[in-house]
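Each chain, written out:
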Amino acid sequence: MEAFLFWLFSIVGVACGAMVIWNRNPMGSAVYLVTTMLCLAGLYALLSGAFVAALQVLIYAGAVMVLILFVIMMLNVRQEVVPREGSLPAWIIAGVLGLIVVVNLAVLFRHGDSPTVAEDFGSIEGVGAQLFATYVLPFELISVLLLIAVIGAVVLAKRRAP
Amino acid sequence: MIPISYYLVVSAILFVTGAIGVLLRRNALIMLMCLELMLNAVNLSFMAYARMLNDMGGHVFVFLSITVAAAEAAVGLAIILSIYRTRETVDVDYLSLMRH
Amino acid sequence: MDGTALLHGTGALLPQLTVVITGLVILTLDLFLTSQSRYVNEAVGIVGLLLAFVLTVLQTGEPRPVFMNMAVVDNLGVFFNATFLLIALLMVLMSASYVRREAISSGEYYALILFATTGFMFVASAADLVMVFLAIETLSIATYILAGLHQQEQRSQEAAFKYFILGSFSSAIFLYGIATIYGALGNTNLLNLAQTLSQTAASPLTLVGLGMLIVGLSFKAAVVPFHMWAPDVYDGAPTAVTAFMTAGPKAAAFAAFLRVFLQGFATPELAQHWVPIFAVLAILTMLLGNLVAITQQSIKRMLAYSSIAHAGYALVALVTLDALGAASILYYLVAYTLMSLGAFTVLTVVAHRGEHHYAFTDYAGLASTNPMLAAVMTLFMFALAGFPPTAGFAGKFYVFGAAVQSGHYALALIGMLTSVVSIVYYARVVMMMYMREANGARAIAQVSPTTVTLLGLTALGTLYLGIFPGSVFRLAERSVQFLF
Amino acid sequence: MFVDVVIILVKAGLVLFALLNLGGFLTWAERKQSAVMQDRIGPNRANIGKFTLLGLLHPVADGIKMITKEDFIPEGAHRALHTLAPAAALFPALVIFAVIPFGPTVHLFGRDIPLQVANLNVGIVYIFAVSSLAVYGTMLAGWASNNNYSLLGGLRASSQMISYELSIGLSILGILLIYESAQLDVIVHKQGELLWGFLPQWGILFQPLAFFLFVGAALAENKRVPFDLPEGESEIIGYFVEYSSMKFGMFFLAEFVEMVIVSGLTVTLFFGGWQFPYLQATGFVWPFGWGTLALPHWLVVLIQVGTFGLKVLVGCWLLLVIRWSLPRFRYDQIMHLGWKVWFELALVNLLITAVVVLLVT
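Taken in sequence, the protein lines are chains X, Y, G and F.
With the numbering used here applied, the first sequence corresponds to residues 1 to 162, in that order.
With the numbering used here applied, the second sequence corresponds to residues 1 to 100, in that order.
With the numbering used here applied, the third sequence corresponds to residues 1 to 484, in that order.
With the numbering used here applied, the fourth sequence corresponds to residues 1 to 361, in that order.
The set of hints was computed from the structure by calculation and includes no laboratory data.
Ideal Cβ positions, reconstructed from N, Cα and C, are used throughout, including at glycine.
Be careful, since some hints might not be right.
Stated by the list, open to error - Straight-line Cα separation of at most 20 Å, EDC-like style, residue types lysine to aspartate or glutamate; simulated pairs:
id, chain 1, residue 1, chain 2, residue 2
1, F, K190, F, E180
2, F, K190, X, E125
3, X, K158, G, E153
4, F, K11, F, D112
5, F, K50, F, D62
6, F, K32, F, D62
7, X, K158, G, D30
8, X, K158, F, D332
What the hints assert, rightly or not - Here are a few chain F residues that sit away from chain X, every Cβ distance over 12 Å (derived from the structure):
id, residue
9, G110
10, W143
11, F198
12, I236
13, V241
14, E344
With these hints in hand, go ahead and build the complete structure from the sequences.
Here you go:
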């Protein structure tokens with residue numbers, strides 16, 4: 001069962017990931033990216049990270065991608081008439097180089113089976129306890145980061161008086 | 001039981017895919033999405049390592065990185081929007097005022 | 001984490017907190033200000049930054065990890081934080097008249113400057129790779145926005161976009177590096193990494209992660225070959241922001257270099273891997289930065305390349321792996337901050353409203369129309385080129401001295417040769433100002449009192465650091481002592 | 001192992017069956033309710049021979065009509081996304097109910113079977129996550145139709161949904177703080193306990209403001225009157241204007257299934273879920289020491305499941321009444337309300353709750 005789900009999620013995820021960069025239309029890319037993100041959430045759940053899996057769906061698929069989709073709709077970018085950017089050789093070279101990098105990295109990963117983990121591994125309580133004990137300072141710093149993002153989004157995107 | 005390495009390979013493939021996308025695509029929105037893809041790939045690595053090390057610190061890292069990605073996306077989209085308002089295009093090749 | 005530890009930690013991070021709160025106050029106050037009373041923003045900013053400066057200086061002493069080893073208060077952090085606060089202070093002075101002239105909404109502008117400064121300070125106090133990443137993101141996102149703040153200028157938006165895409169790209173690589181280190185070592189805390197590393201042999205995975213960290217940080221510091229964003233971004237951003245970017249984020253990136261590599265991954269076994277990389281990067285950076293700077297027609301672009309070159313000089317000192325080298329980095333960053341901010345301030349004045357006058361020819365005859373401005377510009381140019389008795393000379397002296405002492409003769413030699421090359425383009429500015437007639441009767445804009453103050457401060461600072469380099473250098477040495 | 005899977009599948013099937021039928025039933029109830037309130041007769045034509053069954057055959061007739069109508073995709077539309085959109089709209093509505101417990105744990109054939117499809121540790125976060133996906137249906141429908149009206153409708157709908165999602169999340173967080181769990185079955189169990197020996201600890205007792213905020217924001221999520229700007233039945237052209245046949249039917253059904261979900265969630269979080277006051281696992285235990293009334297296990301379960309069903313139905317009815325009583329907001333009013341009133345109130349509510357919880361524990 002686990003193996004089946006792993007292969008399902010990873011193959012679909014990788015295929016959709018490739019479609020994100022191959023698709024001509026931003027809308028299509030966005031939908032493929034959402035699919036990849038949902039597949040990743042599935043993989044997280046397989047890695048016993050239930051809470052993070054839910055967060056992945058909630059924030060990435062439910063907020064970030066919605067925002068991107070929203071902007072695509074707002075700009076109303078239709079089917080691009082221009083051919084795909086980058087010449088075919090460039091894509092092939094990039095693909096081959098990418099493959100080499102992945103293979104080289106893959107050789108280095110020699111991690112076998114993972115240890116059995118406690119029942120509450122990856123639960124809300126477990127992650128929350130870590131977040132608010134050990135990692136409380138990063139958590140606080142994130143608030144500054146988000147504040148900056150809010151200010152930035154408002155300042156940059158607001159319509160200016162001519 | 002799927003070995004952790006498999007997850008890491010998936011993560012590496014996605015990361016490289018995203019990187020290729022950022023470097024080759026010229027559509028601002030798609031470049032932004034490729035960045036998100038890269039961050040997602042990193043998150044998968046964190047989750048896999050967290051499982052391997054039996055340490056929930058990795059989950060916290062993912063939590064933080066997701067938040068960062070959200071902030072980045074908001075700012076990036078605002079920049080794209082402001083460019084589009086004056087230029088009516090999201091193709092980066094038109095952004096060449098500075099190549100003189 | 002119990003209450004007392006929390007309180008103690010908060011106390012230790014008071015400088016950062018002060019800066020954040022100042023930013024929030026400005027953001028709130030700005031709502032109630034009219035265009036006549038906008039100077040309140042600057043006043044609040046200066047008061048807050050001075051307060052933070054005092055709080056920072058009071059923190060010297062033994063390293064004290066706080067917040068479950070997420071941050072550390074030590075002399076290195078104090079020195080860097082003081083530098084960052086100095087940058088922010090000078091920025092506020094520089095921007096006071098600039099934001100009015102260019103119609104940039106000042107509340108958000110100063111708030112973002114302060115929040116970016118918070119990011120810098122957290123980089124310098126970070127004791128965990130996660131903190132380094134988040135702090136870098138904080139400052140990066142703030143600077144992306146700052147770069148795009150120039151509302152009427154398309155170039156500003158383009159700069160923001162380019163900076164954003166490549167900045168985020170490098171952040172992703174940096175984060176992947178952290179993930180790899182986390183997986184390989186099971187630990188991301190810079191304070192105990194050394195201990196973890198000493199117990200296990202360095203696995204190839206660790207090295208891959210380390211490489212990614214180097215790439216990510218090199219992007220942020222605009223080190224060749226990861227500099228391609230820098231010239232366009234520096235050119236397109238509002239000039240005051242460009243000044244900020246050449247000083248702040250660059251210094252922060254070096255703070256990260258010191259924290260990560262000299263504190264975290266400093267074991268000899270690993271150092272033999274990363275030292276050659278940095279040596280090559282330094283050589284490339286010095287060569288390309290200086291050579292390309294010669295060909296530029298715009299002074300702003302020339303200064304952009306020159307800032308790349310200066311990052312190369314500072315990198316030279318990183319490979320020495322001793323206190324002298326580390327201290328000379330600190331010294332160099334302070335010196336460069338003063339020179340660069342000063343030079344960019346002159347640029348903002350000469351550029352006029354709308355910012356179109358950056359060509360070398362715009363500086364023709366500046367000596368006759370505005371002799372004082374030409375004089376300080378000459379000082380900064382000489383300082384950047386490394387003439388005595390300026391801060392630039394002392395900085396290069398320490399850096400190359402450290403390189404020679406640790407046996408990196410080639411690096412020192414290349415550094416000195418490229419410095420000589422750099423005289424060509426710095427001198428061109430000076431010649432333009434003094435030897436050429438003014439083309440057309442373009443009156444120099446009124447130089448506001450705050451700008452005069454800033455120019456005076458940076459010029460005096462440049463001279464002081466050049467004539468009495470020992471005072472600051474001893475502080476720098478004291479700051480890095482605990483690392484070795 | 002095999003039996004477990006079968007049990008889960010049976011439960012899922014039961015829930016889906018109930019959900020879809022209730023959704024269909026609600027289309028009838030809506031029309032009847034509006035007829036009652038407007039002094040009309042309402043649906044009464046569909047019949048088999050002489051039997052009209054109070055118009056109850058209308059949903060069936062509607063279904064047949066939708067399935068047999070021509071499925072039309074406008075020219076220039078993005079075919080794949082145009083087809084995907086209705087599914088994307090219906091899917092979240094169908095899977096949310098998986099974590100809502102509709103009854104206590106049943107002892108059957110020596111097994112303990114919790115009456116809940118999936119007892120997730122992250123229950124509430126799962127609900128947030130899945131419901132945040134609901135917006136895709138509207139966005140994709142609006143964009144893929146190649147019609148400016150539906151595009152604008154999609155933008156209106158999605159910005160409204162995004163805006164009120166925050167208030168929904170924040171208003172539920174108070175409940176999470178009080179019951180100290182994100183697991184819905186734990187929350188329901190804790191609501192069965194008594195305060196001062198006689199008052200059931202239902203969510204509405206501690207979080208009355210959150211209840212109103214939640215229901216209001218959920219209405220906005222659901223895009224029904226008074227928040228029905230995105231589609232506005234007869235006057236406003238909405239995001240699914242280019243949809244016909246069963247694809248339209250799926251949007252339509254999604255709206256009614258979402259009503260059931262909203263009602264189910266409200267009941268679970270604020271009205272004790274399947275808890276019947278003073279009914280324990282062994283039977284009634286009256287407060288103030290007035291004695292007990294032992295009941296067999298099957299009867300207790302039956303009462304509790306029935307209670308849950310009844311509460312959900314009453315909730316749905318309330319939603320119908322609201323829909324036919326209130327006038328429609330203007331668009332700027334919706335945005336103003338969402339960002340400047342609802343959101344702030346939810347934050348204040350959360351802050352107060354957090355402080356009180358901190359002081360009490």
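Against the structure, the hints come out as follows:
1. Restraint check: the Cα-Cα separation between K190 (chain F) and E180 (chain F) comes to about 10 Å, which is no more than 20 Å; the hinted pair holds.
2. Our distance criterion of 20 Å between C-alpha atoms is met by K190 (chain F) and E125 (chain X), whose separation comes to about 18 Å.
3. Taking the CA atoms of K158 (chain X) and E153 (chain G), the gap is about 15 Å. The hint holds against a cut of 20 Å.
4. Taken as a hint, the K11 (chain F) and D112 (chain F) pair is honoured in the structure, with Cα atoms around 14 Å apart against an allowance of 20 Å.
5. Proximity of K50 (chain F) to D62 (chain F) is assessed by CA-CA distance (about 19 Å); at most 20 Å being required, the pair is judged to hold.
6. Distance check on the hinted pair: K32 (chain F) and D62 (chain F) sit about 15 Å apart at the alpha-carbon level, within 20 Å; holds.
7. The suggested pairing of K158 (chain X) with D30 (chain G) holds, with an alpha-carbon distance near 17 Å, which does not exceed 20 Å.
8. Among the hinted pairs, K158 (chain X) with D332 (chain F) is consistent with the structure: their alpha-carbon atoms are about 17 Å apart, no more than 20 Å.
9. Residue placement check: G110 (chain F) keeps its beta carbon more than 12 Å from all beta carbons of chain X (closest about 24 Å).
10. Against the 12 Å criterion, W143 (chain F) falls within the reach of chain X, whose nearest CB is about 5 Å from its own CB.
11. Here F198 (chain F) stays apart from chain X, with its beta-carbon at least about 32 Å from theirs, past the 12 Å limit.
12. The non-interface label for I236 (chain F) is consistent with chain X: the shortest C-beta to C-beta separation is roughly 18 Å, beyond 12 Å.
13. Distance to chain X confirms V241 (chain F) as a non-interface residue, since its nearest Cβ pair spans about 15 Å, more than 12 Å.
14. Every CB of chain X is more than 12 Å from the CB of E344 (chain F) (nearest about 15 Å), matching its label as outside the interface.
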